[in-house]
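**Student:** Chain residues, written in single-letter form:
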Amino acid sequence: MRYLPKSPAERQEMLAAIGAKSIDELFSSIPERFRLREALKIPGPYSEAEVIQYFKERAAENSNGYTSFLGAGVYNHLRSVVTDAIIQRGEFLTSYTPYQAEITQGTLQAIFEFQTLMCQLTGQEVANASMYDGSTATTEAVLMAERLTSRQRVLVARSVHPEYREVLKTYAKNSGLRVEEIPFTAGGTMDSKALQAALKDDVAAVVVQSPNFFGVIESYAPLADVTHAAGAMLVVAIAEGVSLGLVKPPAEADIVAMEGQSFGLAPSYGGPFAGVIASRDKFVRQMPGRLAGQTTDSEGQRGFVLTLATREQHIRREKATSNICTNQALCALAATVHLTLLGKEGLREMAEQNLAKAQFALSELLKIPGVRRTFDAPFFNEFTIELPRSVKIVNSDLLRERIIGPLALGTAYPELTKRALVCVTETTTRAEIERFAGALKRALERPI
Amino acid sequence: MYERIKKASRHTNQSEGLIFEKSSPGKRAFELPPLDVPAADPAKALGANHRRAGIEGFPEVSEIEVLRHFTRLSTWNYAIDLGMYPLGSCTMKYNPRVNEFVARLEGIATEHPYQPQELSQGCLKILRLLEKCLLEITGMDAITLQPAAGAHGEMTGLLLIRAYLQKQGNPRKKVLIPDSAHGTNPATAVIAGYEVENIKSESHGQIDVEKLRDLVTGDVAALMITNPSTLGIFEQRIPEIAEILHAKGALLYMDGANMNALAGVTRPGDLGVDVMHLNLHKTFSTPHGGGGPGAGPVAMKKILEPFRPVPILVEKEGGRLALEPVRPDSIGKVKAFAGNFGVLVRALAYILAYGPGVRQATEDAVLNANYIRKQLEGVYELPYSLPSMHEVVFSDALQKKNGVNTMDIAKRLIDYGFHPYTTAFPLIVAGAMMIEPTESESKEECDMFIDAMKAIAEEAATNPEIVKTAPHTTRVRRLDEVGAARKPVLRWKPAVPRSEAAD
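Sequences listed follow chains A and B, in order. Residue numbering for the first sequence follows our numbering, beginning at 1331 and increasing consecutively. Residue numbering for the second sequence follows our numbering, beginning at 18 and increasing consecutively.
These aren't lab readings, by the way, just hints derived from the structure by calculation. No residue lacks a Cβ here, since even glycine has one placed at the ideal position from N, Cα and C. Do not take every clue at face value.
Stated by the list, open to error - Okay, derived cross-link-like pairs now, DSBU-like style, lysine-lysine, Cα gap no bigger than 35 Å in a straight line:
(1) Lys1499(A) <-> Lys1523(A)
(2) Lys504(B) <-> Lys460(B)
(3) Lys1649(A) <-> Lys190(B)
(4) Lys485(B) <-> Lys1499(A)
(5) Lys228(B) <-> Lys1612(A)
(6) Lys228(B) <-> Lys265(B)
(7) Lys471(B) <-> Lys1503(A)
(8) Lys1499(A) <-> Lys471(B)
(9) Lys319(B) <-> Lys1371(A)
(10) Lys1503(A) <-> Lys1612(A)
(11) Lys391(B) <-> Lys1499(A)
(12) Lys1530(A) <-> Lys1649(A)
Unchecked claim - Taking beta-carbon pairs under 8 Å as the criterion, some of the chain A residues facing chain B (in silico):
(13) Ser1359
(14) Ile1382
(15) Val1556
(16) His1644
(17) Glu1682
(18) Gln1683
As the list claims (entries may be wrong) - Distance ranges between label pairs, derived from CB positions:
(19) Gly186(B) <-> Gly1768(A): 26 to 32 Å
(20) Ala414(B) <-> Arg1477(A): 38 to 44 Å
(21) Ile1382(A) <-> Lys418(B): 29 to 35 Å
(22) Val396(B) <-> Arg1477(A): 32 to 38 Å
(23) Lys418(B) <-> Lys1649(A): 43 to 49 Å
(24) Glu1378(A) <-> Asp497(B): 17 to 23 Å
(25) Arg1702(A) <-> Pro55(B): 18 to 24 Å
(26) Glu1378(A) <-> Glu135(B): 49 to 55 Å
(27) Arg1367(A) <-> Asp497(B): 53 to 59 Å
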């Protein structure tokens, strides 16, 4: 086997050195009756070429050649080949969690830079590296607020990503948290009247996403005021990080939970991505996840170490802030490289292109008879439209023209049947938008 | 000293600054294709109150600077690609490059989790085949691939147990955890809403079965066991342990962190385990990447199947695969979308490369650990003498007499070109030195490691100072961790201009 670096003679030599007659002897502590006598029934062994062939065949059974208008928490953005070249360096790829700081300064400094970039983006003072994804980051942010306030009620906007809310509910079920949902207005933003009515002095956190699941941008300042007046914490979830190149960061939030997928990570059928929690310096000791800190070595040189480990499971066990151990470090590194490449101007320009293309797409789609805009609040690169017929039927017509149509909102929001969430990024060309508009027009004209 | 002589004695590749310190307005490393639609006025489209001016402090550098910056940083890391990484419990094995290649294929990396399932059959077939392979390796009945890491899998497993017991009327109160367990086990039990009761190991480091019999009451939901234990020793009485639990209606959870000792040789499902997680970033070779991403699939017996996280992968007529979003008894979702798919792809690539030959990998891993044990016995103290599986735990008892502890020895290993073993864990061994070579090390590499360990033992006796002040060959020396925690500096801030500072 090509991955195993021993010849049969070397194996014998090592067995002899141990004083064992056979390899079986080394497994003598496993009771005889439980030892497998037959080979496992799994395919292989495959040569490298066969492995590649298998996955190429699977790839061909997917969506190659289709143009997609899906977003909803997973976005298709430009990615530089430089990012991949860096994260495929063995020194990053095949290194462990940097517990031995002297020989992992590369990873540690990169984490420190990631934390800095996340603070700059979110307008917060401290950021961890990292959580599994946006959904678990949002959940952990709520648990952090629960620890900080010693309260157990959580108010979550219904306009938060449905899967983020589902994950939160799974975790909440057993921790005594009571999760209540706050409806959205006709404009598509969190209903502040309903929020005020629900806000009492037992609320730990108010959770809002922006841009929210409908693509709409929420106003933080008034939300923060009423939330803080009730002694609760404002948790802001961000699923589309590129928006921060143009949209004001949630500086008023107490905790920000962000999905980093938009920063150089491939859609990859839903993962691996990188979740982040950012917050205020004063809350850092209740923060979950790893943190790199700057320090000096015994000769006074600058260096970096994992720090504040007394929050973590390997030190605190059942009293830890979270059970997270393995995180999404390499994805966080990819985000660091990607954002460094984009830089100040590149991220702003990418955000501007998203905004411009989404504005253009909306105006093109609104020219089609029967298509209407659902929410009138400002949006970034996603918006909701209403169609005169079922989104499902329309989407199956679009598939015939090799277009993956917008997400049908009716599945997660029964009150939003016939509504579709359209996503356009800098990777969508004008020609694709026009082809989509044409195909949608034909689909709606087709007699049922 | 270095400030005066800028280049000749010390090039920046030896002391690369932070990327923010290289920034200069107007430089850029990335250009977008020109906008092909009319530009939008952000103030008009977003509203003036939503519009951001610019991101303060964000880097402005060129492409070559970015590439050099991160390449230089990378050279300060140790990695499996450079040599043996004997971190016990972490299974730092070779990460095959073909896995990276296939995970990046067009049609694999590019797929959106919400795209129609008829256009996702390739992704779903990958998930299906991985499920089947992992079920065959574990001897279990059902599986979920959703959890993103080992600890996430532990939580999922305990939630399954909780849902199952709840369905029978009482979720129970406690989870029993041996004192040798990973820290994630107790932390997870708390998240799943359970109290933790620690069980002391008996004198050979195994579960004290007689004591367990007394501890398992109607309040106990489960025992979380690691097998082989964190001492690298197979829990021989595991079938009996399972019986004790089952007799009282409790379940047996197995932490699969050490599955590299068992794959192809024995199956947890046959041993009486009810539910377990696998660390695909350990046993199944997906790269650690400096701390993640991983994947922590959870395999289980039939009784727990109805409670699996949604969506559930099912086979429809004609072999078509589908993800079903609703199951009445499901614990719900533990993560958005369908798990860390890219990691799952890599793990399947690893399994296909070996096929039934994973057994050979397991045998070589156990061979390496026992070879190292044999050569170092007597040089270092072996606190537990039962046979080792894939890892061996020594202690620093002999070296302590000269004031040298496990951390010092670990740091000195760096000077010999190796990554340290796991220090100070498991907690039941004072001054633990936990060594897991994995199957990826040749006899030559193992011999070099053994020589290094012997040389350090010699130094500890004759020149302890050199060990206590190690490492001596790294770019930075031992770092001030206490200072880092006392006054945390967790992000870069622009230097205050001199004129302002003077004010």
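**Student:** If a hint holds in the structure, say so; if it does not, say that too.
**Tutor:** Verification of the hints:
1. Taken as a hint, the Lys1499(A) and Lys1523(A) pair is honoured in the structure, with Cα atoms around 24 Å apart against an allowance of 35 Å.
2. For a cut-off of 35 Å, the pair hint linking Lys504(B) to Lys460(B) is broken: about 46 Å separates their Cα positions.
3. Between the alpha carbons of Lys1649(A) and Lys190(B) the distance comes to roughly 17 Å, so the proposed pair stays at or under 35 Å and holds.
4. This hinted pair does not check out: Lys485(B) and Lys1499(A) have alpha carbons roughly 50 Å apart, beyond 35 Å.
5. The straight-line distance between the Cα atoms of Lys228(B) and Lys1612(A) is roughly 45 Å, outside the 35 Å bound, and the hint therefore fails.
6. Pair hint Lys228(B) plus Lys265(B) holds up; C-alpha atoms about 15 Å apart against a cutoff of 35 Å.
7. With a C-alpha separation of about 53 Å, the suggested pairing of Lys471(B) with Lys1503(A) is violated against the 35 Å cut-off.
8. Between Lys1499(A) and Lys471(B), the direct Cα distance comes to roughly 54 Å. Violation of the 35 Å bound is thereby established for this hinted pair.
9. Between Lys319(B) and Lys1371(A) the CA atoms are separated by roughly 20 Å; this keeps the pair inside 35 Å, and the hint holds.
10. At roughly 28 Å between alpha-carbon atoms, Lys1503(A) and Lys1612(A) fall within 35 Å of each other, so this suggested pair holds.
11. Of the supplied pair hints, the one linking Lys391(B) and Lys1499(A) is violated, its CA atoms being roughly 51 Å apart against a limit of 35 Å.
12. A threshold of 35 Å between alpha carbons decides the hint, and for Lys1530(A) with Lys1649(A) the separation of about 28 Å falls inside it, so the pair holds.
13. Below 8 Å, beta-carbon pairs count as interface contacts, and Ser1359(A) has one with chain B at about 4 Å; its hint therefore holds.
14. For Ile1382(A), the shortest C-beta to C-beta distance to chain B is roughly 6 Å, which falls under 8 Å, so the interface hint holds.
15. Interface hint at Val1556(A): violated, since its Cβ lies 17 Å from the closest Cβ of chain B, which is beyond the 8 Å cut-off.
16. Checking His1644(A) against chain B by beta carbon gives a least distance of about 4 Å; that is within 8 Å, so the hint holds.
17. Because the closest C-beta pair between Glu1682(A) and chain B is about 7 Å apart, less than 8 Å, the hint holds.
18. The closest approach between the C-beta of Gln1683(A) and any C-beta of chain B is roughly 5 Å, which is under the 8 Å cut-off, so the hint is satisfied.
19. The beta-carbon spacing between Gly186(B) and Gly1768(A), approximately 59 Å, falls outside the hinted interval of 26 to 32 Å.
20. Between Ala414(B) and Arg1477(A) the CB atoms are about 40 Å apart, so this pair conforms to the stated range of 38 to 44 Å.
21. For the pair Ile1382(A) and Lys418(B), the supplied restraint of 29 to 35 Å is violated, since their beta-carbon distance comes to about 55 Å.
22. At about 46 Å, the CB distance of Val396(B) to Arg1477(A) disagrees with the hint of 32 to 38 Å.
23. Roughly 34 Å separates the CB atoms of Lys418(B) and Lys1649(A), a value that falls outside the hinted 43 to 49 Å.
24. Separation of Glu1378(A) from Asp497(B) is about 46 Å and departs from the stated range, judged on CB atoms against 17 to 23 Å.
25. As the Cβ distance of Arg1702(A) to Pro55(B) is approximately 22 Å, the hint placing it in 18 to 24 Å holds.
26. Checked against the hint of 49 to 55 Å, the C-beta distance between Glu1378(A) and Glu135(B) comes to roughly 31 Å, which is inconsistent with it.
27. About 56 Å separates the C-beta atoms of Arg1367(A) and Asp497(B), a value consistent with the hinted range of 53 to 59 Å.
Hint check: violations occur at hints 2, 4, 5, 7, 8, 11, 15, 19, 21, 22, 23, 24, 26; the rest are consistent with the structure.
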